[in-house]
Amino acid sequence: MKLTMVLLTASILTVHAKGLAQKITFSGKNVTLLKIFSAIETQTGYFTVGSLNLLNDATPVSLNVKDMPLDAFLKLALKEQPIDFRISENTIFLSRRPGAIMPDTRRPAITTAPVIEIPPPIKVKGKVVGLNGMPLYGASIGLAGSSEVVLTDTEGKFELEAEKGQKLVISYVGYQTAEWKVTSETMKIELKPADNKLDDVEVVINTGYQKFKPNEMVGAVEVITAKDLQKQVGTNILQRLRGLSTALQFNNKTTTSSKAGNPHSVLNMSIRGWSTINGPTDPLIILDNFPYDGNIDNINPNDVESIIILKDAAATSIWGARAGNGVIVINTKRGKFGSKTSFSFTSAVGVTEKPDLNRLPLLGSGPFIDQELQIANQNGLLLDQNKFTYSPAVNVLIERKRGLISAADSAA
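Each residue of the sequence shown is one higher than the last, beginning at 272 in this note's numbering.
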């Protein structure tokens with residue numbers, strides 16, 4: 272019990288330590304409390320929260336102090352006043368002392384004092400409508416600067432507490448976000464449809480020899496921009512191209528004697544099908560208007576401005592027989608004459624599960640046998656020429672298929 276009392280006392284002293292550390296120097300005769308609290312704000316930065324009428328009705332006081340702690344100064348200034356105070360953080364809260372009677376004499380209010388009057392909140396009811404007055408169900412209504420959000424019902428109506436003068440932020444899918452000022456307890460808010468018109472983007476097709484506009488190009492062309500590549504995750508161009516183009520097909524076929532495109536055939540991809548059976552299927556790579564025979568992994572995806580995919584007679588007429596499997600034209604970013612200096616930064620973060628090096632995930636005997644049964648029921652091939660031994664389950668299935676044992680014996 273003694274330890275608890277010591278801890279509580281330490282906590283109280285910590286809370287009031289900041290207020291006691293502030294020093295006030297003030298001198299004046301018959302000054303109003305508004306002027307006194309204005310001097311407190313100037314010297315300490317503490318704000319005052321309370322009713323203006325409470326300070327306007329107070330009696331003027333005379334003070335002459337130097338380097339007095341803030342807590343003691345407030346007690347001295349409010350000694351003969353029917354006002355209590357409380358200090359919290361950087362704010363002084365004023366309240367009427369219980370049972371105190373204010374004098375009848377009133378003086379004009381001084382509005383320049385740093386006293387914040389908090390108006391009581393009101394219950395705001397409203398309705399949100401859209402085009403042709405149609406109620407919007409599920410529209411979001413929130414107070415500006417606050418995380419509190421309410422949703423409209425099926426009739427577009429909502430209800431929340433707010434102060435007069437606060438702004439309501441209303442948003443709905445397909446409509447422009449609007450801000451309305453709280454002026455009354457009932458409101459009707461009409462949202463305007465959002466303008467979803469897209470800006471025209473100039474697209475230039477670079478075949479490696481010439482540049483065309485889309486309406487001037489003859490042949491099948493697909494353009495992939497730098498923005499499209501940035502949406503994908505990968506360390507090289509091939510990883511980022513997956514899923515971006517319907518013309519590209521990634522496969523597991525590899526050849527080691529390819530002389531078109533990459534000599535090592537590491538692309539493992541084709542453009543709109545294969546043009547050969549036993550020959551290489553890699554497309555021709557054009558980098559900045561020149562054939563590229565190096566490793567495509569060495570090209571930084573962040574340096575690519577656009578990628579053009581070609582495969583038809585028009586591409587063959589430009590690049591010859593080497594374009595039989597298609598052409599991938601890669602254009603990198605370059606400086607522009609007269610443009611200002613610019614810098615770009617790209618980063619990527621990946622999260623993977625920590626590997627357990629002491630655990631080897633293997634398939635259990637039950638699921639393994641179920642898999643072999645499924646293959647056997649589908650007349651699949653259970654024999655593998657690369658295996659010298661087979662599981663007992665496979666041997667039982669082979670004997671049953673040859674009629675050496677019955678189905679009942681194999682199930683046992």
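Keep in mind that the hints were calculated from the coordinates and are not lab data.
Any given hint might turn out to be false.
[As the list claims (entries may be wrong)] Derived DSBU-like pairs: lysine-lysine, alpha-carbon spacing no greater than 35 Å straight-line: (1) Lys396 to Lys337; (2) Lys482 to Lys498; (3) Lys396 to Lys463; (4) Lys611 to Lys484; (5) Lys502 to Lys337; (6) Lys435 to Lys396; (7) Lys452 to Lys306; (8) Lys337 to Lys350; (9) Lys484 to Lys502; (10) Lys452 to Lys398; (11) Lys459 to Lys482; (12) Lys482 to Lys611; (13) Lys438 to Lys459.
Here the structure is a predicted model, which is why all the values come from computation and not from measurement.
Notebook entry, point to check: In ascending order, which of the hints set out earlier in this document are inconsistent with the structure?
Noted result: 1, 5 and 11
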